[in-house]
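Two chains, two frames, some hints: make the complex.
One line per chain: the protein sequences are A and B, in this order. Just so you know, my numbering puts 53 at position 53 of the first sequence, and the rest follows in order with no gaps. Just so you know, my numbering puts 580 at position 580 of the second sequence, and the rest follows in order with no gaps.
For the record, the hints were derived by calculation from the structure and aren't laboratory data. Don't take every hint at face value.
To be verified - Covered, in the sense of this in silico footprint (three residues per stretch, anywhere, with C-beta under 8 Å from a C-beta of chain B), are these stretches of chain A:
{"no.": "1", "segment": "31-41"}
{"no.": "2", "segment": "55-67"}
Claimed, not checked - Chain A is faced by these chain B residues, among others (derived, beta-carbon under 8 Å):
{"no.": "3", "residue": "Gly373"}
{"no.": "4", "residue": "Lys378"}
{"no.": "5", "residue": "Ile398"}
Positions of the beta carbon are idealized from the N, C-alpha and C atoms, including for glycine.
One-letter residues, chain by chain:
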Amino acid sequence: MSDLNTGMVEKYRNNFLKEVEANVEEGDWVKMCMQCGVCSGSCPLGPHWDHPPQELFMMIRAGKRDEVLQSTSMWMCTSCYNCIVRCPRELPITHIMHGLAHYATRLGIEPKGQPTRQFAQLFWDNLAKNGRVNELWLGVNLYFMNGFVEGIKVAMGMAGIGLGMLKSGRLSLKELIGGHTVKDKKGFKAMIKKAQELEAARVDGSN
Amino acid sequence: MADEIKIGAYICKGCGLGDRLDIGQLEMTATRDGKAAICQQHDFLCSDAGVKMIQDDIDNEGVNRVVIAACSRRAKTDAFAFDNVTLSRANLREGVIWVRPDEDDQQETTQEMADDYVRMACAEAKYMKVPQASGQQGVNKNILIAGGGISGMTAALEASKAGYPCTIVEKTGALGGATAQLYKKIPTKSPYADPEDNGVAELIAAVEADSNITVCLNSTLTNTAGAPGRFEADITTESGSTETKSFGAIVQASGFKPYDANQLTEFSYTKSQDVITQAELEALAIAADGGPIKRPSDGKEVENVMFIQCAGQRSKKEGHLEHCSGFCCSASIKQAMYFKDQNPDIDTTVLYTDLRTPGAGGENFYRSGQKKGIIFTKGIATEVVHSKNPIVKFKDLILDEDVEDEVDLVVLATGMVPNSGQPTRAELTQSDNDDIAADKAGEEREIRIDVESILNLDYRQGKDVPHMENGFADSHFICFPYETQRTGIYTAGPTRRPMDTTQAMDDAMGAAMKAISEAENAGLGKAAHPRVADLSFPSFRAEGCTQCKRCTVECPFGAINETEDGYPEFNESRCRRCGTCMGACPVRVISFENYSIDTVGQQLKAVDIPDEFEEKPRMLILACENDAYPALDMAAQNKIEYSAFTRVIPVRCLGSVSLSWITDSMNSGFDGIMLMGCPSGDDYQCHFVKGSGTAQERMGKVGDTLESLSLEKERVQTFEISITDIHKVPKLINDMAETIEQIGMSPFKF
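Isolated chain B, as found in the complex (with noise of 0.2 Å):
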């Protein structure tokens, strides 16, 4: 079936589309031009009857390449899937009438674009394939959580409940983790009036009494290679036996560690014993076990205690943390209950700048707080002079004065940094990037990481996921949390971000969920987020490939390890599909079967480019598929109308976007191209994380290109496009569309 080619063009009427063209003509052009073997009109396409002609001619006539002439690809999606063979849709509908007027001087040109999106597709269906599955790897339920703690353990709990075996990872001799080391926790339940148990007990024993997750304690990870569907975990113990399973996909609830109050000499905390954190008061409170709390110096009850929040963090200063820890607000609270409740006489005071106590029950919490007599000052300690009682110096942000309080105990409230392991290359700071250029320069040197790596990753791009700024791993905190930039492998809890109790628990079931899904897609070879289900991959030509290493540089995802000989080794299952490895490739070797340099290359080649002296300039478009191109149907959606030379192709990232493409538009004769992609950088919203970034790096240099060509700057241009822009958009064409009518058009027509 595969061999010969069938192309079956399928025209709508519906929704307009019949007033407006002439569909006589868009038959003739997918015939002439498109070489469709079949051509069909329908009144309503995705209707049953519609869908039925379809479905008869792959059936009866061998049609394996079809092409619909109708609305958006984003729209009718059920209607339109077709088993077995290549689907391209020419956008008629949002992409041409939509956007223009319904005025017979423009009738011309609006059925030069339909006759344009009509060709595109066409020439698009001959150089799809049908995407098989690679076979890589099978189904493989078992779930590794990295870490005991109550998100390791809710997660394995979770997974274990729907029917996928885990085994928990703990490098410490107990689960439990940080909140076994608390004497009592955040409320979790209504009326969140009072501190509860920390309900770790309970955990360890549900999970101790569940036949399908193993535990490992005492034990790290000391090599995971594979990918998902198909992990390698050595799983090594403290007295060094090692053994090696396999699993479907990975959980990292790797926790955090508190901040090192030894830099928070301001506050007395190396000199005074008390001056403790939230962490130590929690072994007091235990060694109190609901009697007076007796201070570390000399013993005394205390009749006294100030917390001081944000302290160390939420600022800029060197060795501070910059971000909120999230929980901190509510442990004081739930701190200074421990004393309230114990004797409501002894005052309690809470130094904040900004109180935040995340979560349902929080703002609950707070009042009840404030109910049991606990004093909220909004204030900024500048120090803590140590002497007998130590001295807390602040100022008063409401009465605006400096104060000096004199208290039995002050509590410092700080925050978390995360275990989530070594940065990856590119996260190292500037003197470590001195040491990646002499290894770049030949001299081989071990570059020096004090962080202990968790999942010492077999990957040739770093033995741990990638981290932001603040070593949290990263994750898009909206669009698609838990998700890492190492597919199958997911994070939960303070790993992640920095969170409560409550949340992470929360997280540990969004991970232990996402875990599942991988396993599934990867044992059928499917796409995880957010190309669900594509079973395409990539795949290079060796005998055309340089070794560059540009591909196993730029993939997001790690997805590419090397051959010994050097050549790209790609991990199917690793592979998200944005094809950046295909737009960084410069010999155009990489392809998927459904999208490569000729499915796109081709299209902008079938847009019929008037001579220079119709003064009908073209403008091609290439769209994010993500975020731009959902951004320009809704546009048409509002009916917000855009240049008529404008041809817009859907890419799966800015980051696949070859620069071949740039250059053959530019020689058959486009007068502007316009790339769109996601905003980029530390705020990015790039659905495949650094695509649109890399593509923003490359296209800086197309500049240089375009003058060596003796072509204006201003005909190639970037821009970043959130899916809510859709009223920026549509003037973004048109402004360029003025821009060309100002330098011209190209000198590249024939």
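Chain A on its own, in the form it takes in the complex (with noise of 0.2 Å):
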């Protein structure tokens, strides 16, 4: 258990429903659901969740801070913003379901292995480096995520639909040795830099 996640605990003690309010993106949503349950029956991989969106409200307010934080749901979610559209009480859902899943990071205490989350920490690693997705990379990165053997299995099935992509140009091999960047790369650095101190301070501010 992290620090952070331990100086949590003991500052909201029982109240995971003010913890929410004050450290999870649009946390304070959370009360002015209704139960109406439209967000759970409108979400395209709603049967795959383990509590969807309506019922993890009502355990933040009956206080299971575990079972939510540590919960795969939020990770499921697809940004499809189907629920955001439909609520009755126009709550921010999906930016909702990617606060919970990001506090639960800063503390420590996601998931592990759950393959969404892992798709994402890849993406923004490869995205971050030089500010352009390198498709050749993130895709060897993904088919190896699971360990080499079953990297071989995925990459000679996904063989086929590879090269049609390198015959049709969508993808170079180029991209094995550096491959394309933003124009300004220094820029782009300079940038998240920035984002990364403010989101930093917010953070720092809110706890």
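Below is the structure:
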């Protein structure tokens, strides 16, 4: 358990709702849920969630901190925004889901080995490097995410598509050695750094 | 004028009637069979010229029975409105050409249909009289208001503003009722975010400042006699002095009492002082007056409070209320705000199963509660354990788990029990029915009823307005709110149905308006809803009456008293003109001037019945004019065809159908009879409340009569038709036609 996590538990004691309101992006909307269940019914991945959004909101109110933050549920969100569009109370549900996922990650208690989470991290690392997504490396990293043997298997399975993309120029082998970047890579790095500073300041402020 | 009957028949050729029907033949039918003295055609009868033609005949030729053969009696009523004559309508458009195909081989049966309708209208005309009010009462503008709560006060202020003097009779020593006991009330104005002052002081000040309003405190109604326009009420004070005043109409706003929480043993209400009702929390909030609310047991400032919704209501358990009281969810939000507004750190939880916040601002108020941090938990409380701090055990319905929560204070959202007075005989339970049986057997026994009467009506049918199963005064929720089964007495506020203060005040306005219009109508001898402005009223031939009392018992509105020698005594202004008494009378002595055994009986006899070998059956439909007849008209407007062998006669209510019409039509050779009335039972749609239900009961016995005549039971059928059944009705008719084809023609044809 991280220090931050211990600190938060200490700080908010039984009031998990207040913790969420203070630390989770759009968290102060959670109390406005009226449990109609339209979000759960609208989610294209709904049946695969352990706890659909409306249930997560109820769990937050009931103070079920660990069950919520360690849940894989909010990681299932694909940002289709169906729930936001349909919520009669106009809760920014998608944002809250990502906010919860992000908060769990910050606390270091996110579910390990959750594939969506892993892919998100891969994607971010890949993008943050050059300011552009390196499809080849993203693919390779993704395929070998679960070990070498599994990676070979997946890569073989996708070989046809890969060759087709190479042929049509959608994929370049040059990507293996560096690949394309944004025009002003230095500026891009500076921008990311600033954004990270701002975020850190915000988090500190709310702590 | 009235002595000599002179029928003028007017046949319209517009709307395609002239193209589809042989108008010349219709004219011949009217003069030869219908004995019309004058018969004229017109290309466009409802035009100014057409109407003038009729009016000229009335003025110059002495026509006093007008027969209009054109569209449905429900169409063009403004054009065809003539004074001092009777009006019969042969429905050739909706009743004939719109329900029959325009084909050559159908022409013969279509024309027969039209001819019959003309004969029927002329026959009806012969037996109608121009109705004249009885003059039993004049206009009395005084309105009596039973109850001085916010409903009663609002009704009084509204009626007074319209120029009608009011008398409020209040049982307690002060105006204000239940609302006066509230610390604050649910908001009534945008943005509906915070509780509002209860507003009672302003209302009382307005009432007291109004010279048109008389207030009788510490008073009850010990006797209310008469009828709309001439109610005589005995207002008795606590000290026993009685004053009798007369009124035109009555508004009953006798309010509610909270459900008795002593019955909720599972919630430890009797054991723990810290388990209280919403009403008791109001008292605590008034005592705290904006400061911290302290709990009753030890005076500790409450830090953690749980509201249990639907306590003892919305449940079929013995002793619980089955209904939702509608106000308690908003009331709990309001009360949770008492805590949150004083100190946002107080934990307030509302334990609900279905949160309902009716009214325009309800949803906003709910949101406001959520914004203030009230926690709403969907769950069912199973038990409250009595200990130093009460422990609420509940099942969380979203998380599907059993939870225990220790809190400082538990508030039970109990419901409303109406103060609507004593039940009438028809509503008494089984054990009471035994008493009635004993009563009937001749042993006069007083029926034991614990409830005090509010109005103490001097009506044969009971001391108060009839109730529904749950005790609320019966009024059709959608079709005729405020109205009761006693004409001229209107209920407002929680007497009628559970509601909050805003709704009660709106309600009071509605009831006041109804009372005003009834006071005026009664003064002119005109009927109230739904036969508004009808001047006719029932009368009876005393020499034929057997004093069977069926009319007094079956009248849905308690309009009929009994005289000392046992004859019915009709109170014109209590009567709604449904004719249920006429249908009930076994010796057929009751009639209206413009609606009687003859006006319908002669119509069905006027139908031309072809002999058995022509293979043209005849089906009679007696259709309720409120729902079934409009449904038929609308089917016609949609050009939905039905059998050409159908002859429809509108009746005021299925309850007015006399069994003699059934036997007469069977005897004259009709092959089938369909009776169409409104749905009856708990969710009745009958405009006269009990009429269609009474008819169903009566017709249940027709089968035996048919069997004794060796006729098939299927020949007479009763249907419940709603006004929206426009596709169902034609289908039912065609099914009936098929049934008749199967069982064959009636053997009673000549």
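Practice prompt. May I ask you to test the interface hint for isoleucine 398 of chain B with respect to chain A, counting a Cβ-Cβ separation under 8 Å as satisfied?
Written response: Where the cut-off is 8 Å and the nearest Cβ of chain A is about 4 Å from isoleucine 398 of chain B, the hint holds.
Worksheet item: Was the hint right that glycine 373 of chain B lines chain A, CB cutoff 8 Å?
Response: 6 Å, holds
Worksheet item: Given lysine 378 of chain B as an interface hint, is the shortest Cβ-Cβ distance to chain A below 8 Å?
Response: 5 Å, holds
Worksheet entry | Proximity test - 8 Å, beta-carbon atoms, the segment 55-67 of chain A to chain B, at least three hits | holds (count 6)
Item to complete: Three residues minimum, CB to CB under 8 Å: does the segment 31-41 of chain A make the cut for coverage by chain B? Let me know.
Response: holds (count 4)
In summary, this structure violates none of the numbered hints.
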